[in-house]
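Novice: Model the full assembly from the supplied sequences, consistent with the hints where possible.
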Amino acid sequence: MAGSDPADTFRQEAQELLELLEQTLLDLEHDPGSGELIASAFRALHTIKGSGSMFGFQRVADFTHHVETAFDRVRKGEVAPSHELIALALTARDHIRRLIEEPEQAGEAEGVAILGELKLLVDGGAAPEAGAPAPAAAAGDDETATWRIRFRLPRDAMTSGNNPLPMLAELRGLGTATVVAQTDGLPAFDELVPTDCYFGWDVVLTTDQPRGAIESVFLFVLDEMELQIDRIETEPDGDERLGEILVERGDATPEAVEGALARQQLGELLVEAGAVTGEKVAAALGEQKLRREARAAKAADSIRVPAERLDELMDRVGELVIAQSRLKQVAAASDDLQVKSVAEEIERLALELRDSTMGVRMVPFGSLFGRFRRLIHDLSRELGKDIQLVTSGEETELDKTVIERLNDPLVHLIRNAVDHGLEDPAGRAAAGKPAQGRISLSARHAGAEVLISIRDDGRGLDRERIRARAEANGLIAPDARLTDGELFQMIFQPGFSTAAQVTNLSGRGVGMDVVKRTIEALRGTIDVASRPGDGAEVTLRLPLTLAIIDGLLVRVGNGRYVIPLSAVEECVELPPEEDARARGRSFLNIRDELVPFLRLRELFKATTPPDRFQKVVIVSSGEVRVGLVVDQVIGDHQTVIKSLSRLHADVETFSGATILGDGTVALILEVAHLVEYGQVQEERLKAAG
Amino acid sequence: MTSTPTTTAATTSPGGAIEVLTIDLEGETFALEAACVREILDLVPITEVPDAQPFVNGLINVRGKVVPLADLRLKFGMEPTPPTIDTRIVVIEVEIDGEPTTVGIRADKVYEVTQLVAASLSETPKLGMRWRPEFIRCIGRRHSDFVIVLDIGRIFSCVLGAEAPGVGAAPAERQVAQLATTA
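In the order they appear, the protein sequences are chains W and F. First residue of the first sequence: 1, per full-length UniProt numbering; consecutive thereafter. First residue of the second sequence: 1, per full-length UniProt numbering; consecutive thereafter.
Hints listed in this document are in silico derivations from the structure and should not be mistaken for laboratory results. A quick note: this is a predicted structure, and the numbers were derived from the prediction, not measured. Hints should not be assumed to be uniformly reliable.
[To be verified] Here are some of the chain F residues that sit facing chain W, going by a computed Cβ distance under 7 angstroms:
id, residue
1, L59
2, P68
3, P83
No residue lacks a Cβ here, since even glycine has one placed at the ideal position from N, Cα and C.
Specialist: This is the structure:
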């Protein structure tokens with residue numbers, strides 16, 4: 001991120017910190033006694049304040065300072081983290097965010113009001129004390145101790161505005177200090193970047209201040225730096241101390257120690273002197289090596305990449321996969337063994353590259369859940385309902401684009417569940433349910449799909465009301481026999497839901513029809529299940545990724561088509577006697593289950609003579625299965641999905657197209673639509689007799 | 001394989017002339033504004049879209065992009081015919097619903113990029129036309145022949161949604177076009 005606008009860097013960092021703060025505060029609400037959470041909230045506030053003033057966000061710094069002061073008192077145990085305080089802190093967090101993102105919009109009065117309330121809460125109405133928190137305030141720990149502090153700043157510390165010198169000066173100010181700079185991190189002269197910080201420091205400090213005072217020196221950089229603070233205990237065993245110090249201080253010249261160990265010198269010397277056993281030295285050095293490696297691994301933990309670069313990478317990989325399948329075809333026609341083996345190697349590499357690129361784009365679902373906790377918290381206050389949010393499957397990963405586009409529909413579904421699903425406290429008591437309502441949010445993988453479900457334990461969907469409304473709107477015939485699933489789908493009809501509902505809270509976001517459209521645009525489906533009085537469950541089925549899928553390539557007449565492999569259950573041969581029955585009953589007996597089948601030749605109006613042995617590809621969508629009769633099953637195909645243009649917006653049978661190895665275009669079948677079509681046909685046939 | 005006409009930034013030169021690409025559809029000369037033409041391709045394998053309207057029932061691969069292929073003849077009530085050695089695909093860019101879309105157009109022959117001078121342009125006569133007037137921007141004269149300058153944006157904007165039956169909308173339009181499937 002070097003070279004970017006520092007203010008942008010601050011905004012980005014602050015956003016992460018604010019998110020962390022929000023999560024911490026919400027956690028704190030459930031676990032008010034946790035000192036760790038309070039400290040974490042305090043640290044987030046402190047960092048926002050510090051870097052805010054460093055990058056010229058003075059209003060942010062000023063406001064945050066007061067919130068931090070309040071939390072400092074919470075940290076010291078002088079004030080309890082009550083629900084009111086947490087709710088207020090959340091409001092303050094939102095205000096900080098506004099101050100950073102849209103300073104013109106953030107009213108001064110609002111900030112003053114929040115601070116006023118805060119003072120009232122923290123001081124119990126007493127006169128506020130607005131001074132900065134004294135770093136060495138905590139009393140009770142005035143025992144003088146000697147500390148060994150070893151720290152190393154991140155390489156780019158100085159470019160991001162940190163300076164080690166004031167830190168060292170501050171350390172010196174705490175007591176008697178000896179400072180030794182470690183220069184082992186210095187690279188060769190021609191590799192040296194003058195603005196980078198290569199030094200580490202060892203400080204031995206004798207002070208009457210507590211450990212926290214030492215830590216607070218590094219508060220700004222604590223997250224990225226290496227810091228080790230050990231209390232040096234005076235041990236009576238003199239012989240042991242030599243070895244310990246050598247090994248402990250080994251960091252200072254690790255190469256020398258390792259080299260010496262390799263030459264058996266240090267170890268031999270130590271063992272000969274009877275100070276330590278050889279194994280002890282080896283073990284200690286081994287441990288050191290491990291620790292260093294772990295630290296190095298941690299430093300390379302993650303990097304930030306702009307999202308559009310990932311999209312670009314995905315496009316390139318898509319093109320590579322297409323080129324690779326062309327190569328595969330060329331190689332298959334060739335007799336050259338070398339070409340064949342290279343083609344195979346390229347195929348393997350391309351697939352691995354595809355998988356890891358898709359992996360890079362995967363984001364854990366938990367990143368969305370976090371936002372919903374806040375939503376539930378706010379809704380709970382707004383509606384006066386006590387709600388518990390239970391989440392599972394946070395680690396389930398989904399394509400970044402899918403996650404982003406899921407936010408709005410999920411917010412709407414949750415609002416709906418809270419507003420219309422959950423009863424008010426009186427209603428719950430009357431129904432004999434616990435006062436606290438429950439919203440469960442879960443995500444899990446199922447094959448190449450991800451299932452996300454939103455469940456509430458409220459009153460459930462009102463079947464009669466939905467039916468009456470659907471009939472009134474002319475969506476269903478009065479005598480139509482519908483399953484619950486079909487009936488509940490009616491709530492996704494445009495303009496259906498709101499009027500039949502009790503309140504209009506959900507009018508803020510998107511309507512249910514928009515939810516459905518968004519999910520379908522993601523090539524997903526929605527199922528609704530509900531039992532009266534026992535809540536409702538909305539399940540979203542989504543594909544893992546939008547860009548590339550595994551497909552099954554089939555031929556119908558002259559045309560080649562791709563069926564998403566995730567929908568394919570099995571392939572069977574069409575029995576000749578079924579085939580002979582040109583029209584009429586179109587059912588297959590698949591392990592004692594009747595599966596309707598569709599002749600794609602008829603659907604696509606193929607004019608060529610049919611292959612003698614027709615194949616049936618059994619596909620499923622949700623719970624329903626249908627067979628698709630094709631001329632030939634060609635094989636699996638890495639399918640890079642290209643969407644169809646606006647000119648084909650009316651085409652429902654195909655969800656997109658792809659480019660095959662020989663450069664021709666193949667269409668991708670929309671299984672959900674075909675299954676639906678098959679069902680309609682099945683019913684027509686059943687009705688006919 | 002491809003010859004990209006040199007398109008100038010401004011279609012209309014100072015003299016009021018427009019730069020066009022002239023093509024042949026069943027012996028009749030049509031013109032497309034050169035500014036919207038991207039490239040001209042030899043005939044490539046065409047994938048039929050079974051569910052689509054006959055007029056745009058094909059897809060082709062243009063440099064790794066999937067591009068719809070339109071047969072304007074079906075818009076003008078002409079019969080679909082099998083491709084010949086002269087058949088070309090003109091790749092154009094046109095705005096559909098505000099979205100710039102790349103579309104291929106089948107031409108029986110591609111002639112040239114040329115200038116039609118203002119004086120030779122005349123308003124579309126309302127009567128005596130074989131073609132639907134709303135699809136035609138104007139009629140120009142080149143040498144002793146008429147050139148019909150097409151209104152590409154209009155043609156594609158009424159692909160979507162309800163289409164009013166026009167003057168020349170022949171039954172052929174409803175006929176299933178059996179163009180070259182995957183060759």
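Novice: If a hint holds in the structure, say so; if it does not, say that too.
Specialist: Evaluated hints:
A hinted interface residue such as F:L59 counts as satisfied when its beta carbon comes closer than 7 angstroms to some beta carbon of chain W; here the least separation is about 4 angstroms, so the hint holds. Of the supplied interface hints, the one on F:P68 holds, with its beta-carbon coming within about 5 angstroms of a beta-carbon of chain W, less than 7 angstroms. Interface restraint check: F:P83 against chain W, minimum CB-CB distance 15 angstroms, threshold 7 angstroms, status violated.
Hint violations for this structure: number 3 only, all remaining hints satisfied.
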